[in-house]
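Protein chains in written order, with the UniProt record's numbering: chain A, 1 to 464; chain B, 1 to 464.
Treat the hints as calculated values from the structure; they're not laboratory data. On a predicted model such as this, the values are computed, not experimentally measured, just so you know. Errors might be hidden in some of the hints.
Note that identical chains are pooled: a pair holds if it fits in a single copy or bridges any two copies.
Claimed, not checked - Capping the alpha-carbon separation at 27 Å, the derived lysine-lysine pairs in BS3-like fashion look like this:
1) K37 / K296
2) K82 / K426
3) K199 / K158
4) K295 / K357
5) K357 / K82
6) K31 / K205
7) K158 / K205
8) K295 / K82
9) K37 / K82
10) K110 / K190
11) K362 / K110
12) K82 / K296
13) K82 / K362
14) K37 / K205
15) K396 / K357
16) K362 / K296
17) K363 / K426
18) K296 / K363
19) K362 / K199
20) K295 / K37
21) K296 / K110
There are 2 protein chains.
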Amino acid sequence: MPTDISPSSTVSRSELRELVQRQLELLLEQKNYEGAKALLIPVQPVDIAEAIENLPETMQVIGFRLLNQTTAITVYEYLEPKVQVALLEHFKEQEVISIVENMSTDERAKLFEELPAKIVRQLINHLSLEERQATSLLLGYQPNTAGRLMTPDYIALKQNLTIIEAEERIRRLAQDVEVSYYLYVTDEQKRLVGIVSLKDLLLAKPEQIIEEIMTRDIVYSYTNCDREEVAQLIQRYDLLALPIVDQEQHLLGVVTVDDVLDILEAEATEDIYLMGALQDDGDDYFQANLFDVVKKRIPWLSILLLTNSATIFIMSGFEEVIEQVVALSFFTPLLIDAGGNVGAQSSTVVIRGLSTKSLQGKKTTWVILRELIAGGLLGLIMGIVVIVGVFFILGKPDIGLTVGLSLLVITILAATTGAGLPFLFKSLGFDPALMSAPFITTVVDILGLFIYFSIAQAIVMNGA
Amino acid sequence: MPTDISPSSTVSRSELRELVQRQLELLLEQKNYEGAKALLIPVQPVDIAEAIENLPETMQVIGFRLLNQTTAITVYEYLEPKVQVALLEHFKEQEVISIVENMSTDERAKLFEELPAKIVRQLINHLSLEERQATSLLLGYQPNTAGRLMTPDYIALKQNLTIIEAEERIRRLAQDVEVSYYLYVTDEQKRLVGIVSLKDLLLAKPEQIIEEIMTRDIVYSYTNCDREEVAQLIQRYDLLALPIVDQEQHLLGVVTVDDVLDILEAEATEDIYLMGALQDDGDDYFQANLFDVVKKRIPWLSILLLTNSATIFIMSGFEEVIEQVVALSFFTPLLIDAGGNVGAQSSTVVIRGLSTKSLQGKKTTWVILRELIAGGLLGLIMGIVVIVGVFFILGKPDIGLTVGLSLLVITILAATTGAGLPFLFKSLGFDPALMSAPFITTVVDILGLFIYFSIAQAIVMNGA
Numbered sequence: 001m002p003t004d005i006s007p008s009s010t011v012s013r014s015e016l017r018e019l020v021q022r023q024l025e026l027l028l029e030q031k032n033y034e035g036a037k038a039l040l041i042p043v044q045p046v047d048i049a050e051a052i053e054n055l056p057e058t059m060q061v062i063g064f065r066l067l068n069q070t071t072a073i074t075v076y077e078y079l080e081p082k083v084q085v086a087l088l089e090h091f092k093e094q095e096v097i098s099i100v101e102n103m104s105t106d107e108r109a110k111l112f113e114e115l116p117a118k119i120v121r122q123l124i125n126h127l128s129l130e131e132r133q134a135t136s137l138l139l140g141y142q143p144n145t146a147g148r149l150m151t152p153d154y155i156a157l158k159q160n161l162t163i164i165e166a167e168e169r170i171r172r173l174a175q176d177v178e179v180s181y182y183l184y185v186t187d188e189q190k191r192l193v194g195i196v197s198l199k200d201l202l203l204a205k206p207e208q209i210i211e212e213i214m215t216r217d218i219v220y221s222y223t224n225c226d227r228e229e230v231a232q233l234i235q236r237y238d239l240l241a242l243p244i245v246d247q248e249q250h251l252l253g254v255v256t257v258d259d260v261l262d263i264l265e266a267e268a269t270e271d272i273y274l275m276g277a278l279q280d281d282g283d284d285y286f287q288a289n290l291f292d293v294v295k296k297r298i299p300w301l302s303i304l305l306l307t308n309s310a311t312i313f314i315m316s317g318f319e320e321v322i323e324q325v326v327a328l329s330f331f332t333p334l335l336i337d338a339g340g341n342v343g344a345q346s347s348t349v350v351i352r353g354l355s356t357k358s359l360q361g362k363k364t365t366w367v368i369l370r371e372l373i374a375g376g377l378l379g380l381i382m383g384i385v386v387i388v389g390v391f392f393i394l395g396k397p398d399i400g401l402t403v404g405l406s407l408l409v410i411t412i413l414a415a416t417t418g419a420g421l422p423f424l425f426k427s428l429g430f431d432p433a434l435m436s437a438p439f440i441t442t443v444v445d446i447l448g449l450f451i452y453f454s455i456a457q458a459i460v461m462n463g464a
Numbered sequence: 001m002p003t004d005i006s007p008s009s010t011v012s013r014s015e016l017r018e019l020v021q022r023q024l025e026l027l028l029e030q031k032n033y034e035g036a037k038a039l040l041i042p043v044q045p046v047d048i049a050e051a052i053e054n055l056p057e058t059m060q061v062i063g064f065r066l067l068n069q070t071t072a073i074t075v076y077e078y079l080e081p082k083v084q085v086a087l088l089e090h091f092k093e094q095e096v097i098s099i100v101e102n103m104s105t106d107e108r109a110k111l112f113e114e115l116p117a118k119i120v121r122q123l124i125n126h127l128s129l130e131e132r133q134a135t136s137l138l139l140g141y142q143p144n145t146a147g148r149l150m151t152p153d154y155i156a157l158k159q160n161l162t163i164i165e166a167e168e169r170i171r172r173l174a175q176d177v178e179v180s181y182y183l184y185v186t187d188e189q190k191r192l193v194g195i196v197s198l199k200d201l202l203l204a205k206p207e208q209i210i211e212e213i214m215t216r217d218i219v220y221s222y223t224n225c226d227r228e229e230v231a232q233l234i235q236r237y238d239l240l241a242l243p244i245v246d247q248e249q250h251l252l253g254v255v256t257v258d259d260v261l262d263i264l265e266a267e268a269t270e271d272i273y274l275m276g277a278l279q280d281d282g283d284d285y286f287q288a289n290l291f292d293v294v295k296k297r298i299p300w301l302s303i304l305l306l307t308n309s310a311t312i313f314i315m316s317g318f319e320e321v322i323e324q325v326v327a328l329s330f331f332t333p334l335l336i337d338a339g340g341n342v343g344a345q346s347s348t349v350v351i352r353g354l355s356t357k358s359l360q361g362k363k364t365t366w367v368i369l370r371e372l373i374a375g376g377l378l379g380l381i382m383g384i385v386v387i388v389g390v391f392f393i394l395g396k397p398d399i400g401l402t403v404g405l406s407l408l409v410i411t412i413l414a415a416t417t418g419a420g421l422p423f424l425f426k427s428l429g430f431d432p433a434l435m436s437a438p439f440i441t442t443v444v445d446i447l448g449l450f451i452y453f454s455i456a457q458a459i460v461m462n463g464a
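Given these sequences and hints, build the entire structure.
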């Protein structure tokens with residue numbers, strides 16, 4: 001029996017994975033293939049895939065060929081697209097066909113998305129007619145929709161089957177499908193009419209028929225549904241899988257909960273990137289080369305640079321004021337940063353609230369008004385601290401009052417804008433995360449500087 | 001048969017929920033309880049819970065009492081803690097006992113966390129000994145650990161059972177457990193030794209025993225494991241549930257994938273809030289009253305205000321320079337914002353990369369160096385644009401050169417700091433998201449202003 005490589009409480013699972021990684025490389029260098037095979041036997045497929053990805057490119061094919069057929073397919077499905085493509089180039093034609101033919105349909109569709117069209121055409125020809133149709137069906141849908149994500153590998157039952165007949169059918173098909181814990185009940189036209197779980201089957205009396213034990217109130221979705229909505233349905237209704245139908249209710253496929261975990265993570269990353277003024281096209285930032293990185297980041301930076309230049313003109317408009325009391329300029333960074341921080345806080349809660357649907361019961365005006373008042377309270381506290389601080393440390397009450405007052409106004413402005421602009425963007429049909437901290441900061445800076453120097457003009461120049 | 005209220009392609013599911021909401025309120029106002037009962041029959045429990053939450057408080061108890069016992073328990077588990085507590089106060093003692101006794105153990109533990117200790121003690125006394133022990137066990141673990149999240153409602157099998165005996169056992173227990181698609185195999189001491197799926201059972205020959213068909217390579221976790229790690233294990237290995245053991249491998253409970261969806265969302269929210277300079281204690285921001293909101297936001301704002309005040313002293317140190325060329329001050333907002341945006345981009349990708357473990361194979365120095373170079377390229381592009389812009393629009397090549405050069409240095413600084421500080425924080429054992437955009441902006445501002453005016457002193461004053 002191979003050594004049990006479960007983690008103990010002292011060795012973490014990730015440390016174990018590193019150990020396996022190093023051992024594998026060592027054994028392959030020594031050409032000890034039997035040892036390498038034995039090493040991999042108790043390892044989970046996703047971990048084997050990661051180990052192969054981290055091998056030097058020349059060793060990856062050898063590492064992969066250590067695996068038996070079933071494990072090889074599962075491991076292949078877990079590999080990064082880059083490595084999947086590289087391996088295909090090294091494989092003999094028969095190996096390629098064997099893998100591609102036996103992959104699950106949704107994973108094959110994902111692979112075909114990454115390959116050049118020429119290669120896809122060659123590979124498609126090697127598929128059985130059934131597999132070719134299933135794959136083409138998936139690829140016919142828009143990326144990131146339920147249709148593209150779903151797998152057609154589920155089990156359908158007819159309503160009039162007895163429990164025994166149903167179990168027979170499941171036994172025949174279960175080996176080759178991805179989802180067997182839910183069984184979907186369809187009518188003669190293949191329309192979805194009910195759902196049964198394996199547990200329901202087990203608890204039923206043998207003489208009953210499916211129609212008697214099935215649930216008719218099914219949660220389902222349409223093929224053109226956005227992946228975010230699919231994820232939210234599965235999350236909201238605690239499902240293990242979501243059936244996908246066309247506009248006439250014909251059952252076409254199923255999206256499983258493990259896909260949803262990845263979707264939720266990708267959607268959160270997309271929001272987080274947008275809130276940090278970055279494009280996110282779904283590719284790994286750390287895989288891209290430096291020119292792609294610059295291409296990814298310069299759009300937002302350019303837009304922000306352009307809009308920010310308005311601050312230059314505002315300040316030059318108040319040139320006289322600044323010349324007279326140079327010290328006024330010392331406080332612009334403080335005011336700008338404070339406005340930025342408050343705006344960031346407000347926009348963060350609103351954008352995230354919209355994203356997680358936790359704002360659904362609340363009125364927009366209530367949220368914005370609340371932020372306005374909160375901004376007022378926060379600005380009051382910070383304003384008083386500043387007035388006192390400037391008075392005691394710099395001994396300039398006029399300037400202190402100007403800065404403190406401006407801080408109050410800027411804070412209210414920042415909180416209100418920070419809360420309001422995401423709502424505005426959403427109502428215009430845009431992603432609220434786009435109207436995020438960097439943009440709000442720019443708006444607040446421009447208005448805030450104008451307010452600050454206007455107040456300064458009133459207070460300080462009249463006193464001076 | 002009640003009307004089928006499945007969504008069509010024209011009416012969305014959320015519109016349907018609103019319809020049900022309004023109908024329910026109407027029927028209850030008219031005291032048409034039979035109609036209200038019929039309305040709710042095809043509605044999913046989580047949607048019934050939301051409808052009850054949105055009822056006026058006086059109607060909530062009546063709405064809840066429309067439900068049959070089984071549905072009532074499930075709906076109760078979905079209610080917000082606030083409403084759960086309110087209902088308990090209205091229920092008769094027998095109703096309270098009936099609900100609390102029949103809740104699933106992990107949901108009951110969650111409820112007890114929300115209730116005042118006095119009430120919990122009363123309720124605990126009404127539980128059966130078994131339920132009381134199970135609940136106390138869960139509450140004995142730290143919040144947000146596997147021990148607190150797990151449910152003890154799973155099915156365990158012995159290795160020597162035949163398939164028929166196993167199915168018998170499952171039939172007896174399946175009605176009352178949460179997880180029946182995975183069956184956990186334990187030895188005489190209740191240590192976890194294997195796992196079997198319902199599908200495996202169905203495909204096995206009746207004369208086999210469990211030991212022959214079980215999988216020994218199990219992914220599991222310990223009771224003191226952080227909820228984030230639990231979520232990552234379930235996500236990585238595509239599990240529907242994760243078994244939880246103690247230090248001696250005794251099986252104590254199971255965390256299900258639906259909990260993980262909620263964990264992933266909560267963890268993402270925590271990160272997003274931190275990156276927006278907000279505390280996140282898990283409570284809904286929009287449920288808190290205004291004083292709690294101010295309490296939540298003022299700590300970070302105060303710290304940032306304090307650290308930002310260093311900018312005042314830096315600029316006052318260069319008072320002569322600014323007095324001589326007042327126009328220099330016009331560009332401070334632009335430089336600060338540009339630095340802030342670049343720093344936000346860099347810190348965002350690094351913090352998110354650490355969070356999703358996508359940085360695990362990469363060396364820290366490589367990531368930081370890469371950001372440094374990217375910052376240099378971005379700064380070069382932006383610097384040239386600024387130099388040209390200032391030259392053509394303001395006609396001041398000296399100032400243009402100063403600003404452009406400073407922009408380059410500030411951008412490199414911002415990218416490097418933005419990437420490096422999260423790593424530093426992580427190595428010191430802190431949450432990298434803490435060292436987020438607001439903090440990095442402050443650091444970059446202080447250094448950036450110093451660099452800007454130093455360069456200005458060199459270029460502009462020597463020329464002037």
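Structure-based check of all given hints:
Taking the closest pair of Cα atoms, K37 and K296 never come within 27 Å of each other, the shortest separation being 42 Å inside a single copy and 55 Å across copies. Taking the shortest alpha-carbon separations for K82 and K426, neither the intra-copy value of 36 Å nor the inter-copy value of 29 Å comes in at or below 27 Å. Taking CA atoms no more than 27 Å apart as the test, K199 paired with K158 passes in both settings, with 18 Å inside one copy and 20 Å between copies. In the homo-oligomer, the alpha carbons of K295 and K357 lie at most 27 Å apart only across protomers (24 Å), although the nearest pairing inside one protomer, at 32 Å, exceeds that limit.
In the homo-oligomer, the alpha carbons of K357 and K82 lie at most 27 Å apart only across protomers (18 Å), although the nearest pairing inside one protomer, at 35 Å, exceeds that limit. For the homomeric pair K31 and K205, neither the shortest alpha-carbon distance inside one copy (57 Å) nor that between copies (40 Å) is at most 27 Å. For a Cα distance limit of 27 Å, the shortest separation of K158 from K205 qualifies both inside one copy, at 17 Å, and across copies, at 25 Å. In this assembly of identical chains, K295 and K82 lie within 27 Å of each other by CA distance solely inside one copy; the values are 21 Å within and 48 Å between copies.
Proximity of K37 and K82 under a CA criterion of 27 Å is satisfied intra-copy only: 24 Å inside one chain copy versus 56 Å between copies. Taking identical chains as interchangeable, the C-alpha atoms of K110 and K190 lie at most 27 Å apart only when both belong to the same chain, with a minimum of 26 Å there against 42 Å between chains. Taking the closest pair of Cα atoms, K362 and K110 come within 27 Å of each other only across two copies (25 Å); inside a single copy the shortest separation is 39 Å, beyond that limit. Taking the shortest Cα distances, K82 and K296 sit within 27 Å of each other inside one copy (20 Å), while across copies they are farther apart (45 Å).
In this assembly of identical chains, K82 and K362 lie within 27 Å of each other by CA distance solely across copies; the values are 16 Å between and 45 Å within a copy. In this assembly of identical chains, K37 and K205 lie within 27 Å of each other by CA distance neither inside one copy nor across copies; the values are 46 Å within and 29 Å between. With identical chains, the CA atoms of K396 and K357 are never at most 27 Å apart, being 48 Å at best within one copy and 51 Å at best between copies. With identical chains, the CA atoms of K362 and K296 are at most 27 Å apart between copies only, with a shortest distance of 20 Å across copies and 35 Å within one.
Taking the shortest alpha-carbon separations for K363 and K426, only the intra-copy value of 14 Å comes in at or below 27 Å, while the best inter-copy value is 39 Å. When the C-alpha separation of K296 and K363 is checked against a cutoff of 27 Å, the pair qualifies only between copies, where the shortest distance is 22 Å, while the shortest distance within a copy is 36 Å. Taking identical chains as interchangeable, the C-alpha atoms of K362 and K199 are never at most 27 Å apart, the minima being 39 Å within one chain and 44 Å between chains. In the homo-oligomer, the alpha carbons of K295 and K37 never lie at most 27 Å apart, since the shortest distance is 43 Å inside one protomer and 58 Å across protomers.
In the homo-oligomer, the alpha carbons of K296 and K110 lie at most 27 Å apart inside one protomer (24 Å), although the nearest pairing across protomers, at 44 Å, exceeds that limit.
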